[in-house]
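Engineer: For the protein sequence lines, the chains are D and U, in the order given.
Count the first sequence with my numbering and you get residues 1 to 353, in order.
Count the second sequence with my numbering and you get residues 1 to 264, in order.
It is possible that some hints are incorrect.
Said to hold, decoys possible - Pairwise CB distance ranges, derived in the manner of DEER restraints:
{"no.": "1", "chain 1": "D", "residue 1": "Ile257", "chain 2": "U", "residue 2": "Ile231", "range": "39 to 47 Å"}
{"no.": "2", "chain 1": "U", "residue 1": "Val248", "chain 2": "D", "residue 2": "Phe166", "range": "52 to 60 Å"}
{"no.": "3", "chain 1": "D", "residue 1": "Leu64", "chain 2": "U", "residue 2": "Trp46", "range": "17 to 25 Å"}
{"no.": "4", "chain 1": "U", "residue 1": "Trp46", "chain 2": "D", "residue 2": "Phe74", "range": "35 to 43 Å"}
{"no.": "5", "chain 1": "D", "residue 1": "Pro18", "chain 2": "U", "residue 2": "Gly132", "range": "45 to 53 Å"}
{"no.": "6", "chain 1": "U", "residue 1": "Tyr125", "chain 2": "D", "residue 2": "Trp96", "range": "44 to 52 Å"}
{"no.": "7", "chain 1": "U", "residue 1": "Ala122", "chain 2": "D", "residue 2": "Leu64", "range": "32 to 40 Å"}
{"no.": "8", "chain 1": "U", "residue 1": "Leu235", "chain 2": "D", "residue 2": "Ser63", "range": "15 to 23 Å"}
For the record, the hints were derived by calculation from the structure and aren't laboratory data.
The beta-carbon is built from N, C-alpha and C at its ideal position, and this holds for glycine as well.
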Amino acid sequence: MAFWIASSPHNHNHTKTPNLMRLVIYATLPGVLAQWYFFGWGNLIHIGLAMATALVCEFTVLSLRKKPISHELFDGSALLTALLIGICLPALAPWWISVIGTMFAIVIVKQLYGGLGHNPFNPAMAGYVMLLVSFPLQMTLWQPPLTLVAVDLNFSNTLTTILTGFTVEGYSVEQIRTSIDGITMATPLDTLKTNTGLGLTVFESIENPVFGNNFALGWEWINAGFLLGGIFLIFKKAIAWQTPVSFLLSLFICSFISYSLSPDSSASTMFHWFSGATMLGAFFILTDPVTGATSNKGRIIVGLLAGLLVYLIRTAGGYPDGVAFAILLCNMSAPLIDQYTRPRTYGHLKGDK
Amino acid sequence: MSNEIAPQSSNDTDVTDSLDEQAIALATAKAELKAEYKELAIQGLWKNNPGLVQLLGLCPLLAVTSTVTNALGLGLATLLVLVCSNVTVSAIRHWVPKEIRIPIFVLIIAAFVTCVQLLMNAFTYGIYQSLGIFLPLIVTNCAIIGRAEAYASKNPIKQSAFDGLMMGLGFAIILLLLGAIREILGQGTLFDGANLLFGEWASVLRIEVMQLDSQFLLAILPPGAFIAMGILIALKNAIDNHISAKKVVDTEKVIERVRVNFDS
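Generate coordinates for the entire structure from the input sequences, incorporating the hints supplied.
Structural biologist: In structure tokens form, the structure reads like this:
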């Protein structure tokens with residue numbers, strides 16, 4: 001009788017990449033549903049377009065690289081990337097925005113660096129930033145929540161707007177975005193930035209209908225949805241709790257300091273938590289196992305850094321939301337952080353190499 | 001006198017032999033020269049292309065290739081400086097002390113760059129303005145000093161001039177290619193602003209390749225240049241691999257089986 005001898009670890013949790021990716025995709029559902037409820041079909045159409053593009057691109061590159069297609073095409077990572085891009089895009093952006101963004105994310109950011117596990121940057125965020133830098137006009141075509149839009153944005157209207165730029169009745173995107181008072185509506189973060197630049201106080205700014213009754217009409221529920229999905233992922237142990245917690249804490253501390261110093265010119269802590277892409281970034285993008293830090297201490301540092309960067313870009317930067325830029329900068333610094341936060345090997349003294 | 005003439009008249013066959021030998025030697029020298037020129041052309045345009053293989057002068061290569069016109073302007077300026085500096089360096093190569101050759105090369109190159117800059121300032125003011133700092137920066141272009149050091153300082157004038165021409169052409173072709181890719185992707189045109197370089201008549205050269213609703217800024221900004229350059233290098237390597245793979249198939253060796261006997 002022969003004993004089978006193997007080295008540690010002896011206890012595996014049998015999680016495979018497709019299972020993990022599927023879990024993450026399910027966890028985005030509450031946020032996506034909230035997005036659909038408040039902003040209509042636009043993002044769902046973009047998610048569909050992005051997913052189709054991602055599969056085509058992944059298939060093309062994998063066959064060029066002579067890789068096992070069936071194995072890597074359906075591991076869900078490309079679909080997750082496409083899903084995240086679709087969620088991030090402005091709902092009424094033209095169709096080619098999501099196609100170009102996904103192509104860039106899959107072909108250049110992911111596959112040219114060697115495929116899943118070798119990409120230094122999060123593909124979805126790199127694709128989004130590429131779009132934001134390349135097409136500033138289209139990427140700021142944010143649609144106001146449905147309750148504020150005068151045009152009836154049903155499925156066919158949204159689809160024709162994305163494909164042709166006009167609704168079935170012939171309204172342009174600009175007309176959809178214009179309120180009854182004839183003022184173009186933007187996102188709460190954008191409005192706040194513009195108004196603060198004009199010298200208005202925060203209390204005057206949040207009179208604007210896009211802020212709703214609480215922090216940001218619609219956006220707060222989308223963020224709450226992603227928070228729910230994120231907590232589900234933490235309980236399923238799909239992501240580490242350190243990154244999102246330290247990120248949110250860091251953002252909270254930064255905004256708390258400035259809010260207590262000058263409440264007239266800085267938004268509240270909860271506004272920073274529940275507007276823009278805060279929760280999506282905290283739970284779904286910053287926790288990417290490939291591009292984030294690997295040690296627990298490293299994850300905390302990355303989270304703190306990302307929170308600080310998001311706050312700085314939102315208040316002092318040129319763009320209204322800074323989650324994507326902050327995450328790319330953190331991806332860049334993650335290897336260095338890993339280098340300096342190596343955990344002590346069991347049995348070795350601290351500082352003993 | 002008689003001594004010198006006597007051997008020539010004594011054996012005619014020897015003279016014809018030596019004449020034949022001379023002709024043969026001349027012919028081989030000519031063939032060698034031709035082969036050398038061919039090799040220089042291949043090296044400059046493909047095998048050792050300054051843009052694609054040596055990756056020298058990347059700063060202007062990536063910075064000014066947002067349009068074909070800019071690329072052409074910089075390519076021509078670099079070509080001119082490269083040929084002139086190669087010729088000069090080669091002409092004075094016997095009198096340059098080895099220890100201070102690099103400063104001398106740099107001074108020569110700087111003199112020619114200043115000439116080119118003044119000429120462009122006088123005759124193509126528009127392109128002079130759009131090239132900006134990258135025109136005087138040709139002085140620091142490693143491709144030029146690299147050729148002066150590696151080739152022109154050791155070879156005769158003619159070959160050096162040809163080497164400069166080929167290297168310059170190779171560099172200019174890469175500039176043009178990159179400029180064309182970025183201009184088509186970025187604004188959907190070709191030769192936009194060619195009148196800045198060639199005068200008013202050249203505005204007819206502008207080609208509208210495709211109608212873009214909005215500019216693709218990534219292609220115009222420097223990151224797009226890096227990505228396009230990477231793809232060009234990958235393409236070149238792929239072509240090289242393809243060619244070498246074909247050659248291997250042609251000269252496939254017969255594999256002999258070798259019997260190894262472990263019992264002995």
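Engineer: All hints are to be evaluated individually against the structure, with a verdict given for each.
Structural biologist: Results for each hint:
| no. | hint | in the structure |
| --- | --- | --- |
| 1 | D:Ile257 <-> U:Ile231: 39 to 47 Å | holds, 46 Å |
| 2 | U:Val248 <-> D:Phe166: 52 to 60 Å | holds, 58 Å |
| 3 | D:Leu64 <-> U:Trp46: 17 to 25 Å | holds, 24 Å |
| 4 | U:Trp46 <-> D:Phe74: 35 to 43 Å | holds, 42 Å |
| 5 | D:Pro18 <-> U:Gly132: 45 to 53 Å | holds, 52 Å |
| 6 | U:Tyr125 <-> D:Trp96: 44 to 52 Å | violated, 38 Å |
| 7 | U:Ala122 <-> D:Leu64: 32 to 40 Å | violated, 50 Å |
| 8 | U:Leu235 <-> D:Ser63: 15 to 23 Å | holds, 18 Å |
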